[in-house]
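S.K.: Given next are the chains, with one letter for each unit.
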Amino acid sequence: MSWYYMVLLFALIVLSFSAVLVFIRIIVGPSLPDRVIAFDLIGTITIGMIALYSLITGLTSYLDAAIILSLILFLGAVAFAYYMKKSHKAKK
Amino acid sequence: MIELASAAVIIIGVLFILISAIGVVRLPDFYIRVSAITKAATLGVACIMLGVAIYFNDVDVALKASAIFVFLLITSPIAAHIIGRAAYEDGVPLWKKTAFDEFRDFRDGKIGNEESEEKQNKEE
Amino acid sequence: MNSVILSAGIRVLIPLFFLFSLYLLFRGHNAPGGGFVAGLVASTGFALYAINYGAERTRRRFKLKPIFLIALGLLLAVVSGLIPIIAGETYKTGLWLEEIEIPIMGKPGTPILFDIGVYLLVGGTVLKIIFSLWEE
Amino acid sequence: MVLALYPAAAFAWLMTQFGSVSGGEVISSSWDWVPTMGISLSFHLDGLSMLFALLITGIGALVLTYAGTYMKGMPKTDRFFMSLVLFMASMLGLVLSDNIISLFIFWELTSFSSYFLIGYHHEDKESRKSALEALLITAGGGLALLAGLILLGIGGGSMEMSQLVQRGDELAESGLFTAAMLLIIIGCFTKSAQFPFHFWLPSAMAAPTPVSAYLHSATMVKAGVYLLARVSPVFNGADGWHALLLIFGGITMVLGALIAVMQTDLKKILAYTTVSALGLLVMLLGIGTGIAIKAAVIFILAHALYKGCLFLIAGIVDHETGSRNIRKLGRLFKQMPVTGTAAVVACLSMAGIPPLFGFISKEYSYESTIGMVVNSPLTTSAFFITGMLFVAAAGMLSYMVFFGRRNKLDIKPHEAPITMLAGPAVLAVLSIVLGVFSGLINPLLDQASQVVFPENEPLNLKLWHGINTELILSMTTLVAGIAAFAFVYYNPRLMSMIEISDKIKPSYAYKQTMDSLAELAKNVTQRVQNGYLRVYISMMVGTFCVLALIVLKDFGIPNIEVLWSDFRVYDIVIGVLMIVACFYTVVAKSRLLAIAMLGVVGYGVAFVFIIFGAPDLAMTQILIETLTVVLFVLVLWKLPHYLIFDEGFIKFRYFLVSALFGAIMTWIVMLITSYPLDSHLKTWFAESSYPLGMGRNVVNVILVDFRSLDTLGEIVVLGIAAVGIYGLIKFTTEDDKEEAI
Amino acid sequence: MEDVLPFLIGGLYAGGVYLVLHKSFVKLIIGLIILGYASNLMLFTISRITRGAPALVPEGAEALVEPYADPLPQALVLTAIVIGFGIQAFAIVLIKVGYRIVATDNLDDLNTTDRLDD
Amino acid sequence: MIWIIPHIALAIILALQFLNFMSWGATAINLFFWTWVIFSILWPLSYLINKEYGRKLPRLINLIVYFFKELVMANIRVAYDVITPTTHMRPCIVALPLDAKTDLEITILANMISLTPGTLSLELSEDRKYLFVHAIYFKKMTAEKIKEELKTGFEKRLLEVTR
Amino acid sequence: MENELLLVLLIPLLGGIISLFFWMDVKRQKIVFLISTIAMTLAAINLMRSVLENEVITLQSAGWDAPFGISLVADYLSTFMVLLTGIMGLAVGIYSMGDMDRARMRFGFFPLMSFLLFSVSGAFLSGDIFNLYVWFEIMLISSFVLMALGNTKAQLEGAIKYVTLNIMASIFFLAGIGVLYGLTGTLNMADIALRIHSVPDEGLITLAAVFFFIAFGVKSAVFPLFSWLPASYHTPPVAITAIFAALLTKVGVYAFIRFFTLIFTHESPFLDNLLIFTAATTMFIGVLGAAAQMEFRKILSVHIISQIGYLIMGLAIGTKLAITGVVYFIIHIVFVKTNLFLISGIVNRLKGSYELKKLGGVYHTYPFLALLFVISAFSLAGFPPLSGFWAKFALVKAGLVGDAYFLVLVALATGFLTLYSMSKIWNEVFWKKKPEEETNLEIETLKKERGVINRQVLLPVIAITVLSVGVAIWAEPIFYFAEMTAEQLLNPEIYIVNVLGMAQ
Ligand code: NA
Ligand code: NA
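Protein chains in written order, with my numbering: chain A, 33 to 124; chain B, 29 to 152; chain C, 4 to 139; chain D, 798 to 1538; chain E, 101 to 218; chain F, -8 to 154; chain G, 37 to 540.
If we strip away everything but chain A, and leave its shape as in the complex, we get (with noise of 0.2 Å):
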């Protein structure tokens, strides 16, 4: 167990813990729009867990799956920004 190796134990954790934090606001809410935030904030923690864990591994494999969490995080993002434009539209 290296420094290095707690380093990062360390950083995952914080990660982690940054996680529910933020997880506190997806429950809390109270308006969608702040819960899609959160949400997306939760998948940008978890690319930089991955990133964390393929260090810890040392196997950089892991990265592939973090830059797909990266490229497709705004679809959610987008797609909950469209339900709320069209179910506005249809509460008017």
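By construction, these hints were calculated from the structure, which means they are not laboratory data.
You may find that some hints are simply not true.
Selected chain C positions facing chain B (Cβ under 10 Å, derived; list incomplete) [to be verified]: (1) G12; (2) V15; (3) L16; (4) L19.
Now the in silico label distances, taken between C-beta atoms and shown as ranges [unchecked claim]: (5) D:T1216 <-> G:I74: 51 to 61 Å; (6) D:D1312 <-> G:E89: 54 to 64 Å; (7) E:V165 <-> B:E31: 18 to 28 Å; (8) D:K1350 <-> G:D439: 26 to 36 Å; (9) G:H302 <-> D:V1343: 17 to 27 Å; (10) G:I74 <-> D:L802: 45 to 55 Å.
In this text, a Cβ means the ideal position worked out from N, Cα and C, and glycines have one as well.
We have chain A already, so just place chains B, C, D, E, F and G with the ligands on it with the hints.
M.R.: Then chains B, C, D, E, F and G with the ligands, alone, in the frame of chain A:
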């Protein structure tokens, strides 16, 4: 040496993310959270990626890390914009301490007309 | 969605999605990736396009019919298995061009062809679903 | 009419064999049908078969001739005759079969074809009901019979009756003997309308008269008697055999006769006397002595002759006068002399008056009861009462219709055409001829009784036995019968006076049974299939939980050895996060929150895959997760908001089921992973992926090469899903809306 | 995580079933998806798991060296995920169209087809 | 500007491939150095084709540096505010009049504004004359000042590159 | 030899794919479907011929030896089921060409049918548990789509239940695969059969069996897992119901037979009792359901359940005779039940309803149709000498020989109630006078709207009737084959040796 550099960058990145997570919980309204926070996480991830690239010291990894960075750089502001816009349209309220809202003014027809008048005046 | 910002972003992103999907497709045999993931990534790009511009315009822009992609993908997947039969092997036995080594992809062979079939089909499927749902 | 030639030809052929069979020969032929199941089409013509076969073809020819005229002008006669001929053939097959299963096949075919015959007037509700009643009862009995026959076959080690008869002892030792006997008796009782199954027969009078004449005089209903006689050698002497036949036969006999004299409808009188006659036959078989068997064989013939004749006459009367009510009919003899004569002859035979054949049978019956060791007074008096009532019924059928009071008919009756008269006339003449020249038929009846009772002494039929107990009893019966007739004749309201309460009638029981069956079906179905999806789901999950718990109770809960070196904070945090997210998908009041939570769970799963070395899975999971959320979002905005129900107890119950299910799954995972696993596939894939599969990503090599068939299937699923979604969204019945997608 | 996973799986199963037992269309489908996760994770876990060692043959090597994750369950789970996606996508749309046509938001109202009509 | 980004990207990729080919590690310094080398080889070549490049490169670098500086600074400001219990922020929405005209210009501008903590591009007016920006840290600043800062900071530098 | 096996799967798959290329082009799709299904049937006959010579034919997919790749195995049972699949696909396909509305055909009815046939055959031939799961899923998704295609209210209602409950079943299936792999470390059925003996505790095998019991129990609709069937089977167009009735539940039963004769062969009183209980309750509650219904097609659909009970009964008894009976029973119900559904469809074409109350007078007007119905209905009720009798006979005999008296009792009672349900249909639809309100005018309009009985509709019904009568009259060869099948199933060594290539 490499490890030290990598660790430093990563710690910075992680802290950025932690701060944005705290911000997401603490900050008062949606717009502030979006404008202040989510980008911080992007920067945090960018730092972590830098740390990864430094540590592995490998072309493939550097490419991947920069790809993640570039993708986030392109997508996250768009996501923020698109959600913020939808939120505003949907009537998500602004914080009570918000100073002014020129968008609302614009919609009410106050701003756009003034400006165009001014411009017209100048041209004349 | 009628957003200039989103539209411009998408125009930049689509080639990225597409290139990245091809990368995933061809290196899938040697690293994480493969036809399925690649197909999803590619079609996600077009899904984005469809969200922004509506399915109608996307369909016009995107010349191939998704159902054709689906059928073609399936056909390719099946045919990749039939080629070995012509060569006197069992169905779907992998045939490889052993002497050739292509960067990223490695050796070309019928399993890669199969993966391309998967790629096409997945792309077609997601597009078909998205197009069907969008106009509602 | 032309159809009548078939049975006539068969009859003629049988007559050519008459001599040899009467001489004790057995003609048989066999054809393997389903040897794997031990079933052959084997036929066996012995005395008993010959007797029945002759009746079937002979009366069959007469009835077909008769029906040709009778049915003229009625609708769909082609279908009618088809059923009738089918019936005839199956009846013939039944009595000729040696293989018990082929016998059963013909047995069921008679039920089947008689269903269509009885239901001929199917647009009439009563007719449909009667046909159904007959079908359900005989086929229900058929089920019992099938089981009984198979048991018999298993016990005896053969499916051939001729073999089984010789293996009575072997059979008696097998444990299945009593069960087989009971089941066969039930089958025969239903077919031969024994109490308490007798009621279908009178209802079956809804059939056209030729059908009644044929089915209820000589054929269908006698099938049960035939089979009982056939198996008699096997069961004779067995516990319960005699008692059952005696008791049920006796009840049927007396009850049938009693009800018969209370009827006013010609066909109903005939039906109930038939029931009674069948009871008599069963009773005789139950007595089971040599003489009783002789009596039975004789009575079968006698009854067939006079009852067939009387049914046909009832048909003529109905056809010519438009009525079958004996209170309305009367003094028809003048207009219908031939019919009347035939009727009188048949009735005299029925009443057992010499020199008619019926007399001989009655003599033998009395002889057999007197010869009985046990219970003879009781049986004798039962015979006496029945005989008396038969005389009364005979009087009702002949005197009240053709003589007696003036009729109250609207039309003027006249004699029937010759084709219709031929049948009754021939049968009446036979009653006389066989009575007087009983020697003609003696050898056949002798053989028949030998079949049923192999040790039987030779039969010697004659009219005059001298003055003995039997004769005295016969005469007393006659006198008492005439008195009874007079009583009935002068008391028209007798029927309503002795009306049996509806509730104790077996037909009421039948109706109740069918009703309660329908009720049961409805209740059970409504309970099991109540339309609530969640009930179905909880049934499935509940079943699993119960079964799994039964199996799991033998295992302890495996120990969890927490290795602190393996303990990672972020693991726990992520696990807890996923559980909490899952919890929130459950409790969320907003569906979008639920979906966001679902996304969190999904990313969590992806991270688990990352941790445990499955980057491909993680990538796929992430992509799919996002796409699912997108799909949801695209679809959701049209969907309703969450329904929140407070259902207190139900909610709690469902919670319990879910929690139990989750706990069981946890248990199972822990249990199985606590054992070591040696997967030789794992090693093989690890070693072969690169050299053989040309790929370094083993998972991908498995997907596109080693197990590419799975992947092919997987993409087919996706393609179909796409087509299906397109169909769901875009489906339209309008042609011009075709879209080129 | 090795010790946490069974509980995680159990929790997901329980949550999924509880959701599926609700009357709401949306909860039904979310429940099915969660059950899908649960069974994928179960298949993955019960085939034994290895931490941090993907089944990727390193450059230059001919075969994997222990420890490495069993690639077979991974392939199976991948197939199951994809199939699950196809079927879930269909189910989601089915529920949407069903909601539109059946015009109820309460699953308990969907009881006309299999009840006895009297 | 759109013409320049591919060049830089190309330079990076070529540098990476080169490092890979030489089996040298892609450390940041290596990468930076070789990218610079390759870019300076590419540059004169492209200069022969398009003379604008020479004029625009410094401006681009100026933009990027400014952007990253803003990014970091703003991040620190926000971080401080988040961590400390008191908050100094007062948000507002300003209508930023645009000189940027093309889709690309507007998009890049809007994205840079969004990426900078403390500001968020909410909406573009339909006539594309205004970008409505949600901004925080409104102390003594007026709306005009914020607009001024955005216009001279991001927009001016951006337009210098693209035009 | 291997390619003979391959053809059976490849032909319907290619048929489906080509149909997809002709999307919305109904005419071509019809032709493609017809050609491919005929070819598939011929291929199945050819495969049968080959299997009769070689006992077991194994195709190691992609040329990887078992247990590393995926084995497709054609033994007597699976080949025979594939042959039935081809025949029924052809018959129902032709029927649907005359009956199905154009809209449904345009939205992919024929390719979906092809994929359904493909997946059903695949499920029969698969020799690998996970591969079987994949086939099940293809089958499910294509049946989901066929079930919902047309978007009527009832269809969607039914489909929602059908889809949900079947997805639940798949979840159990997948978990069960996990448990088996977790115990044996292999997926190939033959290999599992070998390795399952080294599982440390037989209770664990029983535990795995519970998962598969639920999974296959739902697919084959046994009590208390059948709820999806009465909820949905009567909602789509009748051709779809008919093909579902013919094939889908049989796949579940097939899987039951395969797993319980090959893999779960250990001594387990618990499993034995479970099967007996299931068989009895399924038979009886299924037929009660049929007796309670008042709609032509509902009676038939619900009645499927009770027949599944008979099949499970044979499996529960488990002797050679019983399995022989099961095999024969499968042929019988596939022919007869499908035919009854098709006839109900014709009646609906003629009268515009499935409700018993609204129907009547068919015997009067269409005696030939009535004859066809009578043959099938009484065969179903077990009347000799029709096929139902032989099926019942074999099972009852097996039960009596095997001392399963309780099951025999239930089976006979079920037979009685079957007769009751069938005669109810006969009475109400055929014998009863046509209802007053149905005037001649209405008949004329009906004829115009629906067309009368056309050739495509009648031909398959006649053909299946002839087949079902044929298997009754020439029962011997069928029983002979069924006995061979039973023998093969009860001696899995042949299967194992052939699949694992230990023959050499
Ligand atoms: Na009858
Ligand atoms: Na029967």
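S.K.: Determine for every hint whether it applies to the structure shown.
M.R.: Cross-check of the supplied hints:
With a least beta-carbon distance of about 4 Å to chain B, the hint placing G12 of chain C at the interface is held under the 10 Å criterion. The interface hint given for V15 of chain C is met, as the beta carbon of that residue sits about 6 Å from the closest beta carbon of chain B, less than 10 Å. Look at L16 of chain C: its Cβ gets to within about 6 Å of chain B, closer than 10 Å, so that hint holds up. At about 7 Å, the closest approach between the beta carbon of L19 of chain C and any beta carbon in chain B falls short of 10 Å, and the interface hint on this residue holds.
Distance hint check: the CB atoms of T1216 of chain D and I74 of chain G are about 55 Å apart, consistent with the given range 51 to 61 Å. Separated by about 57 Å at the C-beta atoms, D1312 of chain D and E89 of chain G satisfy the suggested range of 54 to 64 Å. Checked against the given bound of 18 to 28 Å, the beta carbons of V165 of chain E and E31 of chain B, roughly 25 Å apart, stay inside it. For K1350 of chain D and D439 of chain G, the Cβ-Cβ distance of about 29 Å falls inside the hinted range of 26 to 36 Å, so the restraint holds.
A beta carbon spacing of about 21 Å between H302 of chain G and V1343 of chain D agrees with the range 17 to 27 Å that was offered as a hint. In this structure the hint that I74 of chain G and L802 of chain D lie 45 to 55 Å apart at CB holds, the actual value being about 46 Å.
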